[in-house]
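A.B. asks: Order-wise, the sequence lines are chains A and B. Under our numbering, the very last position in the first sequence is 258; numbers go up by exactly one each time. Under our numbering, the very last position in the second sequence is 1248; numbers go up by exactly one each time.
Just so you know, not all the hints are guaranteed correct.
[As the list claims (entries may be wrong)] Covered by chain A, according to a simulated footprint, are these stretches of chain B (three or more residues, beta-carbon under 8 Å): (1) 1094 to 1107; (2) 1164 to 1172; (3) 1208 to 1217; (4) 1232 to 1243.
[What the hints assert, rightly or not] Subject to a maximum C-alpha distance of 20 Å in a straight line, what follows is the list of computed SDA-like cross-link-like pairs (lysine to any residue): (5) B/Lys1109 <-> A/Pro37; (6) B/Lys1106 <-> B/Ser1138; (7) B/Lys1106 <-> A/Arg41; (8) B/Lys1109 <-> A/Tyr141.
No wet-lab data here; the hints were simulated from the structure. Each residue gets a CB set at the ideal place from its N, CA and C atoms; glycine is no exception.
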Amino acid sequence: MTAALGSLGAAVLGLLAAIGRFALFTAETLSHLARPPFYGREFALAVLNIGFFSLPVVGLTALFTGGALALQIYAGSARFSAEAVVPQIVAIGMVRELGPVLVGLMIAARVTSSIAAEIATMKVTEQIDALVTLSTHPMKYLTLPRVLAATLVMPVLVGVGDIIGIFGGFLVGTERLGFNAAGYLQNTADFLEPLDVISSLVKGAVFGFIAALMGCYYGIHSDRGAMGVGRATKTSVVAAAILILAANFILTEAFFSA
Amino acid sequence: MITLTDVHKTFGSNAVLRGVNLHVPKGESMVVIGGSGTGKSVLIKSVLGLVTPDAGTITVDGQDVTRTDRDAFLARFGMLFQGGALFDSLPVWQNVAFRLLRGSLKKPKDEARGIALEKLRRVGLTEDVAYRLPAELSGGMQKRVGLARAIAAEPEIIFFDEPTTGLDPIMAGVINDLIREIVTEMGATAITITHDMSSVRAIADKVAMLHAGKIRWTGPVADMDSSDDPYVDQFIHGRAEGPIAAVR
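So here's chain B without its partners, still in its complex pose (with noise of 0.2 Å):
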């Protein structure tokens, strides 16, 4: 479904991917793991149009992304940010169903309210919290906000780019359980990144590495303890020894 070809992206005088190939088949939930500042961000944000590659070809369906209509395109697409992103401006339940009041999924304020309160109760989420704003909320809430806004247009494809960055393990669990639950129930394609290990287990049918600007392991998350790769070993273990430079 989703196939990214050679994808190469350097900005100033860092080579950040460095011909990327990654498949994402459809219904499939691809966790990508790698260290701090090695493109994972990127890579999902050249698949969205917010990063233009220098190189190489990213298709969705067979169609390659820069020649499609965006709006329809992004309407398939629900993320969660890594800080949340949410709208300062807007009450929480504004910003779940910031989709649904506008543009080409535009539905009647009172049927946008009804699913955004719905999409809340989804996450954990009372009525109560749907008239605050988003800084009156905990980390965790605002992720969960998050997570409601990602799906609240029934999305094919939700990207989750670190989801549990900054949260107690406790918070981090239930966001890795809603996760895994709403991409099984919704039947959804998702790409997640991170470098939690228990997000990656929690989440992933299958993992892929990135490293130094490539694609390094791919394989289904219960294999990935035995790989033999010492880049993945060293990576999914913690350890500071290895082919991985400790300080970058």
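Extracted from the complex, chain A is given alone in its bound form (with noise of 0.2 Å):
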């Protein structure tokens, strides 16, 4: 009994370590933004890196989405002669909830993993001591220009994902279920409100604070050797995803509770 509480006890105590520890690196890393200097190239890159790169993966897995949404919806409401709902549900469903979450689990797949990998073989390779040796801070040069740009750019691939995603549900719609281009286009625009395009919006920079938070933290906690950078980038992507989907759920609440 004493034992079980004790690996209990134990537990309970590395995880406030851990999140104390993440807390801490959190605060350092906002901290430097309103210390000079500021790498502005690097951000350029990490804009380039994490926006431009992400938008043919970002377009694929929305236009895909969006296309399944409406005949699922169509299926479903095809059972209480509702097939009209569909423009509608595809669109409050996309901007809302899919839109967000799948762009901010794509972008947990796809730049979390590469920030973490790099960052930890920076480590590894001793180039994080190289910066410092050179006068450089490692967050305000590594870490600050990536979650910054994470959180700004997410924002318009979350937007520019609800637009594909609703063009999915389109085309879908006209081509294949027999909907009035116009009458789907209207409904959409008439039945989507700001409050849930400014959610969406709101997701996205939060899911792109917590992505890039999460690679950079793993990327410079990283262990030695091959083994602690793998380590890193998985477990930096199921923290992220795990994060993103929390807060997703704490949005949602925090928007669209009666």
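Hey, can you piece these two chains together into the complex? The hints should help.
C.D. replies: The following block contains the structure:
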């Protein structure tokens, strides 16, 4: 009994210590926003890598999801003769939930893993020590530009994903399910409210922040060797995905609870 | 100039440094020898602040390294890392000029590039190398780029961490000669850590042997062979038998 309680206590203490370390890491990252120098080139590269080069994967994910959503809603609503709601439900589903969450998860897969692997490799090969000896703060040079870029470009990616997702539903609706194109678009536009779009973009910013921060955190705290890099990469993606889903629930509750 | 007094450092249950005392006067080339895992890298990383000692003091020109302006302090140092530690995403010349393109030593881009090209020439690399990425270079070339980066800002103090590890004997000789020439012509204070005895003989003014977390012996390189310390004797002759356990 005492041993079991001891193990439980150790696990709780370990969890609290990890939360503390992560909170300090987050606070230190944000503190560099107010402390020059700011590395513009690193920020621009991060915008390019996280934003521009993610567009194809975001676009394809959203396109197929929107199309599948239209098919599912059509099949489901046909059971009670409500097929006409397809445009509205696709729009609300993509903008409020699927757009931000799927883009967030795709960014976690593509960007978090890449950031974690890159920074962990830099740590293992002493590049981070080299940065310090060259009077360059690793948090300022590596973490802040990536976190800031992800936070700023993710709303754009989510917006693009929302539009492409709705377009996927539109294509399926008009080409496969026989909806009138003008009517489909009119119903979509009429049904969406500003809060839907705002919530989508805010979720995007939060998910981008989480995705980049987790990549940086696990990269900088990676263990040595190839196994350490692999573990950092895997853990960062899992942690980012779980935090994104948890944050999605909290934000949905905050925006849409009655 | 650099003085370590009773420096201790433990990682978990592994006491790596157990009271290191070492003094390196200005302009001297000190080589620290010792087996793998004896804490040689930890020693120089402690001076640079990359590792925080658990106890003891480290001073540079009498100033405690933990109580100085970090940027100004680090601007006095250059370091060649064991694996080069070049930044993969930057071309060679930007690696060399890294310190000159940002921070307190920032210079106009063209001037920084000119200095980088000159330093690359100094270590025997041609201009075409400057525009390649580090991954396109051989191990020896990467070491030389690392050396060029270490001296780019004309530091007063240079650290070399295992400068010849992984190189063939000819390239190791080239690097050793370069280090000796550069340290002499710049008048820099240097600490080199190595277990390559040819490096020791080429680079050192003085030698210190680190064993079991302490400086076991220190003296001029000329006295090393006649040292009556059995640990030094075993190490420099590479004998499996002796007071240093071959299996650690």
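A.B. asks: Where does the structure disagree with the numbered hints, that is, which hint numbers, in rising order?
C.D. replies: Result: hints 2, 3, 4 and 6 break, sorted rising.
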